[in-house]
Amino acid sequence: MKFSTYLEQITGVSIYPLISLVLFVAFFVLITYWMYSIDKNEIERIERLPLDDK
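Residue numbers (the numbering used here): 1 to 54.
Simulated from the structure, these hints should not be mistaken for lab results.
Since the structure is predicted, the reported quantities are computational estimates derived from the model, not experimental observations.
Fair warning: there could be bad hints in the mix.
[Claimed, not checked] DEER-style ranges, computed between Cβ atoms:
1) A26 - T5: 27 to 33 Å
2) F28 - L49: 23 to 29 Å
3) T11 - L49: 46 to 52 Å
4) I43 - V22: 43 to 49 Å
5) F3 - A26: 25 to 31 Å
6) D53 - T11: 55 to 61 Å
7) T5 - F27: 40 to 46 Å
8) S4 - R45: 46 to 52 Å
Cβ atoms here follow ideal geometry from the backbone N, Cα and C, with glycine treated the same way.
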């Protein structure tokens, strides 16, 4: 029996791809917003972190 046959027998299984898509899009939008709203000095500080000897 195919895997899709098992999925068809589960009630309400069609909501899971929709939930996954909404979570992915929300995460992508939040990261994009953060990327454009972060201060340029903070970006430079983060860029230097691997090279700092502390």
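Exercise. When the hints from earlier in the document are held up against this structure, which numbers fail?
Worked result: When the structure is compared with the hints, numbers 4 and 7 turn out to be violated.
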